[in-house]
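Student: Residue numbers (this note's numbering), protein chains in the order written: chain A, 5 to 163; chain B, 5 to 163; chain C, 5 to 163; chain D, 5 to 163; chain E, 5 to 163; chain F, 5 to 163.
Honestly, the hints are just simulated from the structure, not real lab data.
There could be a bad hint or two in this list.
Stated by the list, open to error - Here are the simulated EDC-like pairs of lysine to aspartate or glutamate, each with C-alpha atoms no more than 16 Å apart in a straight line: (1) F:K76 <-> F:D131; (2) A:K76 <-> A:D56; (3) F:K76 <-> F:D55; (4) A:K76 <-> A:D55; (5) C:K48 <-> D:D56; (6) E:K48 <-> A:D33; (7) C:K48 <-> D:D55; (8) D:K76 <-> D:E96; (9) C:K148 <-> A:D116; (10) F:K24 <-> E:D131; (11) B:K148 <-> C:D116; (12) D:K76 <-> D:D56; (13) F:K76 <-> F:D56; (14) D:K24 <-> F:D131; (15) F:K148 <-> E:D116; (16) A:K148 <-> B:D44; (17) E:K76 <-> E:E96; (18) E:K76 <-> E:D131; (19) E:K148 <-> D:D56; (20) D:K148 <-> F:D116; (21) B:K76 <-> B:D56.
As the list claims (entries may be wrong) - Derived, one-sided and incomplete: chain E residues facing chain F with beta-carbon distance under 7 Å: (22) D33; (23) K107; (24) Q123; (25) L127.
Glycine included, every Cβ here is placed at the ideal spot set by N, Cα and C.
Protein chains: 6
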Amino acid sequence: MESSATHTLSTQTQGAPLAKYAASRRVGDYIFLSGVIAVDPQNKVIVNGFDDIPAEAAQLIGQTGEFSTDYKIGPILAQSWYVLNAIRGHIEAQGGQMSDVFKLVQYFRNVDHFPYYSQVRQLFFPDQAPVSTVVEVSAMMPSKAILIEVEATAYLPLS
Amino acid sequence: MESSATHTLSTQTQGAPLAKYAASRRVGDYIFLSGVIAVDPQNKVIVNGFDDIPAEAAQLIGQTGEFSTDYKIGPILAQSWYVLNAIRGHIEAQGGQMSDVFKLVQYFRNVDHFPYYSQVRQLFFPDQAPVSTVVEVSAMMPSKAILIEVEATAYLPLS
Amino acid sequence: MESSATHTLSTQTQGAPLAKYAASRRVGDYIFLSGVIAVDPQNKVIVNGFDDIPAEAAQLIGQTGEFSTDYKIGPILAQSWYVLNAIRGHIEAQGGQMSDVFKLVQYFRNVDHFPYYSQVRQLFFPDQAPVSTVVEVSAMMPSKAILIEVEATAYLPLS
Amino acid sequence: MESSATHTLSTQTQGAPLAKYAASRRVGDYIFLSGVIAVDPQNKVIVNGFDDIPAEAAQLIGQTGEFSTDYKIGPILAQSWYVLNAIRGHIEAQGGQMSDVFKLVQYFRNVDHFPYYSQVRQLFFPDQAPVSTVVEVSAMMPSKAILIEVEATAYLPLS
Amino acid sequence: MESSATHTLSTQTQGAPLAKYAASRRVGDYIFLSGVIAVDPQNKVIVNGFDDIPAEAAQLIGQTGEFSTDYKIGPILAQSWYVLNAIRGHIEAQGGQMSDVFKLVQYFRNVDHFPYYSQVRQLFFPDQAPVSTVVEVSAMMPSKAILIEVEATAYLPLS
Amino acid sequence: MESSATHTLSTQTQGAPLAKYAASRRVGDYIFLSGVIAVDPQNKVIVNGFDDIPAEAAQLIGQTGEFSTDYKIGPILAQSWYVLNAIRGHIEAQGGQMSDVFKLVQYFRNVDHFPYYSQVRQLFFPDQAPVSTVVEVSAMMPSKAILIEVEATAYLPLS
Chain A
5 MESSATHTLS TQTQGAPLAK YAASRRVGDY IFLSGVIAVD PQNKVIVNGF DDIPAEAAQL
65 IGQTGEFSTD YKIGPILAQS WYVLNAIRGH IEAQGGQMSD VFKLVQYFRN VDHFPYYSQV
125 RQLFFPDQAP VSTVVEVSAM MPSKAILIEV EATAYLPLS
Chain B
5 MESSATHTLS TQTQGAPLAK YAASRRVGDY IFLSGVIAVD PQNKVIVNGF DDIPAEAAQL
65 IGQTGEFSTD YKIGPILAQS WYVLNAIRGH IEAQGGQMSD VFKLVQYFRN VDHFPYYSQV
125 RQLFFPDQAP VSTVVEVSAM MPSKAILIEV EATAYLPLS
Chain C
5 MESSATHTLS TQTQGAPLAK YAASRRVGDY IFLSGVIAVD PQNKVIVNGF DDIPAEAAQL
65 IGQTGEFSTD YKIGPILAQS WYVLNAIRGH IEAQGGQMSD VFKLVQYFRN VDHFPYYSQV
125 RQLFFPDQAP VSTVVEVSAM MPSKAILIEV EATAYLPLS
Chain D
5 MESSATHTLS TQTQGAPLAK YAASRRVGDY IFLSGVIAVD PQNKVIVNGF DDIPAEAAQL
65 IGQTGEFSTD YKIGPILAQS WYVLNAIRGH IEAQGGQMSD VFKLVQYFRN VDHFPYYSQV
125 RQLFFPDQAP VSTVVEVSAM MPSKAILIEV EATAYLPLS
Chain E
5 MESSATHTLS TQTQGAPLAK YAASRRVGDY IFLSGVIAVD PQNKVIVNGF DDIPAEAAQL
65 IGQTGEFSTD YKIGPILAQS WYVLNAIRGH IEAQGGQMSD VFKLVQYFRN VDHFPYYSQV
125 RQLFFPDQAP VSTVVEVSAM MPSKAILIEV EATAYLPLS
Chain F
5 MESSATHTLS TQTQGAPLAK YAASRRVGDY IFLSGVIAVD PQNKVIVNGF DDIPAEAAQL
65 IGQTGEFSTD YKIGPILAQS WYVLNAIRGH IEAQGGQMSD VFKLVQYFRN VDHFPYYSQV
125 RQLFFPDQAP VSTVVEVSAM MPSKAILIEV EATAYLPLS
């Protein structure tokens with residue numbers, strides 16, 4: 005039985021409340037998420053490279069240890085990991101799991117980044133791929149340092 | 005009980021019917037809207053500034069009375085108001101209210117406009133924010149004078 | 005009665021399996037499609053003009069026989085036809101029909117192409133128009149030769 | 005004892021002789037190679053993607069099976085493999101092995117391709133890396149389809 | 005007596021090992037260096053101006069103390085100093101001295117920078133100039149902040 | 005027997021000495037040349053066309069006598085001849101001959117010029133071709149009027 009119960013989760017559990025911003029909302033059997041970007045809302049820091057994510061995650065997603073390569077591919081890989089990990093966090097906070105996410109709309113500042121993002125996404129969706137739309141757009145909030153934004157939708161029926 | 009009843013509302017209540025265009029559609033418990041832009045389809049006029057919206061609305065959304073400022077911020081503020089007001093009109097015509105809108109995808113020609121749009125949006129969503137995705141794109145129909153397009157989804161269960 | 009059954013259709017029925025890609029997914033009473041582009045993955049070809057689609061389709065969508073005109077309008081018309089035809093194929097493969105598609109999000113590399121696309125779309129939706137969002141973006145995968153991407157959603161309740 | 009014996013190897017063992025072109029030259033204890041590009045001189049075909057190299061090589065260097073990704077990353081990966089494999093062929097034809105190559109100058113049309121090239125290079129130099137210079141230049145012969153040119157130097161003392 | 009002994013020096017003496025990167029290699033009587041850029045791999049910093057090099061070096065190479073001037077000429081001067089100093093470090097680590105460097109290939113992002121670089125180079129080569137090739141290229145790894153890359157070759161016969 | 009004797013030849017035999025510039029250097033059994041451009045250092049004049057080289061050379065390399073053609077192809081042909089002739093001069097001054105040059109790195113401002121250069125190069129290397137690398141770069145010193153720079157290496161064993 006659907007209900008229109010809505011749960012507004014802010015992306016921060018501590019610190020100043022975000023004004024008028026809902027990170028996700030349950031509507032009926034679905035959970036709709038706002039587009040997620042790689043910004044740590046507590047620190048207001050844009051994820052910029054491997055140093056901005058946990059070391060084990062960096063290893064997992066392709067950090068090479070070679071300075072020039074990691075300088076170049078770190079930003080998109082780290083932002084991809086951060087965004088998908090945040091989406092997983094939101095879904096788990098609602099009692100679901102990443103595999104309940106069935107649809108992703110992915111906005112890129114540079115669609116040449118897609119192969120890097122795709123290799124990270126495979127870590128989060130090892131079994132079944134979600135339906136997916138990919139486009140390159142001019143920019144996202146809050147600045148051109150943001151390379152990717154992902155809008156996820158999940159299906160988690162109430163009983 | 006869901007039904008697949010669909011209601012096609014044209015964006016104009018009078019004048020020539022738009023060919024093959026559905027402003028909104030009820031599908032099951034949801035109402036899906038086409039992306040809305042700030043064009044008065046009767047007059048075929050693109051909303052260009054405070055003069056193109058009702059004076060009380062202009063006051064409400066930040067008209068200053070100072071020519072240069074209003075010339076600069078008028079277009080985005082007026083288009084934001086026009087678009088959100090049109091969305092509210094479509095939802096109310098279906099028996100719902102603005103708070104039934106739970107998701108907005110917002111396309112900007114210049115994402116620097118977001119703060120202006122956001123202050124208008126707060127007038128339409130004083131309580132709970134909808135989930136929101138914001139991107140800057142190259143253009144919308146019908147011309148570069150369009151600064152914003154908003155695609156809304158509402159939840160209004162039957163029975 | 006909704007179910008969370010998911011069906012992953014690859015866009016190719018033969019040849020190498022696509023890695024981690026779901027062309028469509030049934031979720032509850034809805035069928036969600038990944039964004040579709042005019043690429044034949046079997047032959048690894050981007051649809052480039054009238055020659056890349058069946059002759060009867062080309063006739064139907066406006067091939068003139070005049071070289072310069074067809075060279076110019078062929079790509080967007082042929083890609084529009086290919087994409088909408090592919091969407092129809094996915095929906096029919098799930099037991100539905102094109103009229104079950106109630107929502108389209110349409111990404112263009114050049115929004116001046118919209119009128120051409122629109123005349124093709126009318127062939128696929130002769131009765132009721134789906135709700136529609138149109139934006140111009142910078143690029144789609146896999147290259148700038150792709151002029152349009154369409155993300156479709158259909159409603160096909162499980163009895 | 006060094007000798008100034010020079011061996012001019014054409015890059016083709018059959019077919020028409022190349023005019024005035026030396027693929028490599030032994031000079032003293034060194035073997036100097038001309039810059040190598042990914043062109044099959046027999047067929048005069050520029051390597052354009054995974055289909056232009058042996059399937060096992062394509063697998064090895066990162067072919068994903070997903071059309072859009074492989075369309076985008078295939079050219080640089082396939083050209084990188086082709087070039088390094090040709091270099092290895094030249095060195096082996098002179099009685100040496102790839103590990104005798106101690107220096108590479110690598111010219112790219114787009115230095116964002118370096119991470120892809122680098123992952124292929126690691127397959128050819130699993131142990132010790134050669135000294136390496138990487139720059140992005142405007143173009144190589146014969147056309148902008150050439151994404152990379154590699155100039156190798158090897159040390160293979162005449163005992 | 006030549007030997008094919010090879011010494012791989014990483015550009016960092018502490019911290020994470022660089023993957024598959026050889027800063028220099030002895031081959032026979034020669035020492036070949038990889039192209040050097042003004043990056044401190046330990047701190048992951050691109051040298052950006054006078055503040056990124058030792059104060060005495062900054063003084064030596066032309067820091068004026070006037071903000072606008074130093075803002076403009078600092079990057080190329082500081083990167084030139086850093087690169088040549090790193091080259092000297094590599095050669096000294098191999099038991100040689102800067103005057104053993106007989107050849108430099110110098111890649112610039114803007115060949116108008118050459119006079120600045122040249123005045124720094126004279127500090128490192130007070131007596132005999134090395135042979136020199138100078139070209140302007142589009143970019144170096146890892147980003148457009150890199151203004152110069154220098155590839156050095158030294159002659160340091162064993163015994 | 006190698007020696008590390010170095011001979012620094014200035015590019016001018018008379019007139020003011022060039023500061024800190026070595027046109028060539030003998031190192032062991034090799035002679036390394038700085039990149040050569042088509043500038044007469046005495047007159048400081050960039051070679052601009054057939055009129056800037058000896059008439060017999062102009063005839064040899066393809067001067068047609070037709071104004072428009074010679075205006076267009078003269079610069080690259082004349083610069084190619086000038087540069088290769090200067091390289092020959094440097095080698096002969098060291099007791100060698102052009103055929104001792106075994107390697108050329110050729111930088112072009114426009115790689116469409118390569119065929120013109122190549123026909124001139126054949127005059128200088130009638131028998132065996134040197135190993136060769138060709139790239140198009142953005143610019144050379146001292147100005148965009150320079151169309152080509154060639155860096156030559158020769159092998160001329162002592163004793």
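Student: Please go over all the hints and tell whether each is borne out by the structure.
Tutor: Each hint, compared with the structure:
no. : hint              : result
1   : F:K76 <-> F:D131  : violated (29 Å)
2   : A:K76 <-> A:D56   : holds (14 Å)
3   : F:K76 <-> F:D55   : holds (13 Å)
4   : A:K76 <-> A:D55   : holds (13 Å)
5   : C:K48 <-> D:D56   : holds (13 Å)
6   : E:K48 <-> A:D33   : violated (47 Å)
7   : C:K48 <-> D:D55   : holds (10 Å)
8   : D:K76 <-> D:E96   : violated (32 Å)
9   : C:K148 <-> A:D116 : holds (11 Å)
10  : F:K24 <-> E:D131  : holds (8 Å)
11  : B:K148 <-> C:D116 : holds (11 Å)
12  : D:K76 <-> D:D56   : holds (14 Å)
13  : F:K76 <-> F:D56   : holds (14 Å)
14  : D:K24 <-> F:D131  : holds (8 Å)
15  : F:K148 <-> E:D116 : holds (11 Å)
16  : A:K148 <-> B:D44  : violated (33 Å)
17  : E:K76 <-> E:E96   : violated (32 Å)
18  : E:K76 <-> E:D131  : violated (29 Å)
19  : E:K148 <-> D:D56  : violated (32 Å)
20  : D:K148 <-> F:D116 : holds (11 Å)
21  : B:K76 <-> B:D56   : holds (14 Å)
22  : D33               : holds (6 Å)
23  : K107              : holds (5 Å)
24  : Q123              : violated (10 Å)
25  : L127              : violated (11 Å)
Violated hints, in rising order: 1, 6, 8, 16, 17, 18, 19, 24, 25; the structure is consistent with all others.
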